[in-house]
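**Q** Chain by chain, the residues run as shown.
2 protein chains.
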Amino acid sequence: MSRIVRFHQTGAAEVLQIETVPEIEPGEGEVRLRVHALGLNRAEVLLREGRYLEKPILPSRIGYEASGVIEAIGSQVEGFSIGDKVSTVPCFSQTKYGVYGDWALVPARALAKYPDNLNDIEAASIWMQYLTAYGALIELGCLTSEQTVLITAASSSVGFAAIQIARRQGANVIATTRGEAKKQTLLDAGAHRVIVTDQDDLVKEVMAATAGKGANLIFDAIAGPLLLKLAKAAAYEASIFIYGALSLETTAFPLQLALKKGLTVQGYTMFQVTDDAARFARGKEYTYAGLKDGSLVPVIDKVFPFEQIVEAHRYMESNEQKGKIVVQVS
Amino acid sequence: MSRIVRFHQTGAAEVLQIETVPEIEPGEGEVRLRVHALGLNRAEVLLREGRYLEKPILPSRIGYEASGVIEAIGSQVEGFSIGDKVSTVPCFSQTKYGVYGDWALVPARALAKYPDNLNDIEAASIWMQYLTAYGALIELGCLTSEQTVLITAASSSVGFAAIQIARRQGANVIATTRGEAKKQTLLDAGAHRVIVTDQDDLVKEVMAATAGKGANLIFDAIAGPLLLKLAKAAAYEASIFIYGALSLETTAFPLQLALKKGLTVQGYTMFQVTDDAARFARGKEYTYAGLKDGSLVPVIDKVFPFEQIVEAHRYMESNEQKGKIVVQVS
Chain A
1 MSRIVRFHQT GAAEVLQIET VPEIEPGEGE VRLRVHALGL NRAEVLLREG RYLEKPILPS
61 RIGYEASGVI EAIGSQVEGF SIGDKVSTVP CFSQTKYGVY GDWALVPARA LAKYPDNLND
121 IEAASIWMQY LTAYGALIEL GCLTSEQTVL ITAASSSVGF AAIQIARRQG ANVIATTRGE
181 AKKQTLLDAG AHRVIVTDQD DLVKEVMAAT AGKGANLIFD AIAGPLLLKL AKAAAYEASI
241 FIYGALSLET TAFPLQLALK KGLTVQGYTM FQVTDDAARF ARGKEYTYAG LKDGSLVPVI
301 DKVFPFEQIV EAHRYMESNE QKGKIVVQVS
Chain B
331 MSRIVRFHQT GAAEVLQIET VPEIEPGEGE VRLRVHALGL NRAEVLLREG RYLEKPILPS
391 RIGYEASGVI EAIGSQVEGF SIGDKVSTVP CFSQTKYGVY GDWALVPARA LAKYPDNLND
451 IEAASIWMQY LTAYGALIEL GCLTSEQTVL ITAASSSVGF AAIQIARRQG ANVIATTRGE
511 AKKQTLLDAG AHRVIVTDQD DLVKEVMAAT AGKGANLIFD AIAGPLLLKL AKAAAYEASI
571 FIYGALSLET TAFPLQLALK KGLTVQGYTM FQVTDDAARF ARGKEYTYAG LKDGSLVPVI
631 DKVFPFEQIV EAHRYMESNE QKGKIVVQVS
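The listed protein sequences correspond, in order, to chains A and B. Number 272 in our numbering belongs to position 272 of the first sequence; there are no gaps in the numbering. Number 632 in our numbering belongs to position 302 of the second sequence; there are no gaps in the numbering.
Bear in mind the hints are in silico, worked out from the structure with no lab data behind them. Any given hint could be a false lead.
What the hints assert, rightly or not - Below are the PhoX-like pairs computed for lysine-lysine, each with C-alpha atoms no more than 25 Å apart in a straight line:
(1) B:Lys385 x A:Lys232
(2) B:Lys559 x A:Lys260
(3) B:Lys591 x A:Lys284
(4) B:Lys559 x A:Lys55
With the hints as extra help, turn the sequences into a complete structure.
**A** Laid out in structure tokens, this is it:
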């Protein structure tokens, strides 16, 4: 008998309940982990609220990212042994395989061993952020060292990952944040310029940072009315990747600017990496290489104990974090 | 002294005036053509109305596509001789170089010799349509024989060009048209399936034609509320190229579908081909090859005499045409 987190109705953080249930034996292609740490993602807040791409099947498990050790292996699983230290790549249904708990059943294809130089906490903070940023910036966006990347809402875990990947490519990196509070952290994290959107003129600042050319690749988590500004700040034939919808307002397509500049606006999720075997393999390789050479370093904001899972979710919703929120399980 | 068309104010077709003016000698990098035929484009209607990407400088010349012979050559022009039969590629400012008239000054880089198997009329009906469709379908869209392309408002000259190019690539071709009237013509032109949007359910029809997968590449001249339907009819990771704005309504970005399917929505104009030397060269080569092997055949709807330039514009605005409207000058 061990603890897992479930919710029986969608809603605010309090719907998350810690329940004691018997472990399930892994089936074909599955393993069971003894979980050490959990990385939190906005996708989990959205699932809990019933606003995610996937709808929860109640009562629903929840959670994408865990680090831990393999304690049971189902049939048809190759390349893993009991006792292996692994973390999970979020390429499964949370509602079926949600990892919040002392144990988690996950498909073996979602497992990745992690480098020895990472601890449990860091190991739970790798895959969502780096594969999400990798897919847009590298795999689909083909970012080069001659280009400028603009990263909005950059103090999220994915934002920091994008800054690090863009720096690894040698690109010019502009990050945005709402208030002054996170500016220095973003500069320290590698952004060449930080735009504080509450006080700065985004379009003017981007143009000043690019000799009037605009940003070639824009990595945006916000959408809504911001898209028009992003189109104004975009270079000729720029790509705007939208991977989130933090703005709950309608998103108008900036048609005239898109025609004039040949702009591409692309909806994007990390599944475009993990659902494609070749991209997935390249993304893992890229991430391992970056973790090893020190260009990719998970930025951890705060670690909560497992009993405070509700507080951890509330903290994510406060938008005060700078980097990854992690929950220590054991 | 020869005739040219100018307009002294923006507005309806009647603002086009035939005026007699002296010829201008070509300057550096320019040639003067004796014009035989003019191909009409919606871009010219929009310029005349003051709604084009480029604003007219009044009084403004007008016109992108002419066929004719070179009668004078300026300095710094290589590869062309007086008497060469050429047509113009619309890679210049209409308001400076507009070609409607007995003569037209054009930059030499906009000239292309045309194959002997084309007459004057056909030669004025090549470049806008084929380079526009080529850029989206081939250069940026990388259309393959395994894919389905959906072409909206397909009975325009660009629409027919897109059908022919898509067939040349071996793709599955779906065309849309508003009413029943043009359906057979589109089937005859090579569309595998024609959706009559006044009566058919676009999304259902596309899904039926693609075993439920949707269209991989969508080539759209309409935008507005149609974009949401196109997103529904799109395949996973489809590209939607918008090259026109026939709908005058606001275009909402279909964010949820774009995230779910990884959709790309791209503003696109032919200038993305002609402003890039390598793409331009490949586009011309592709078009010449297609004209030669018979896979690309300009579809001519109607030929007006030069004196009826106003009527020719009105006819374009009627949306009754199926293919290119041409004006015979001499």
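**Q** Hints first: check each against the structure and report whether it holds.
**A** Evaluation of the provided hints:
1. Annotation: proposed proximity of Lys385 of chain B to Lys232 of chain A holds, straight-line Cα distance about 19 Å (limit 25 Å).
2. The straight-line distance between the Cα atoms of Lys559 of chain B and Lys260 of chain A is roughly 24 Å, inside the 25 Å bound, and the hint therefore holds.
3. For the suggested pair Lys591 of chain B and Lys284 of chain A, the alpha carbons sit about 22 Å apart, so the restraint of at most 25 Å is met.
4. For the hint linking Lys559 of chain B to Lys55 of chain A, the alpha-carbon distance of about 23 Å falls within 25 Å, and the restraint holds.
Violation of the numbered hints given earlier is absent; every hint is satisfied by the structure.
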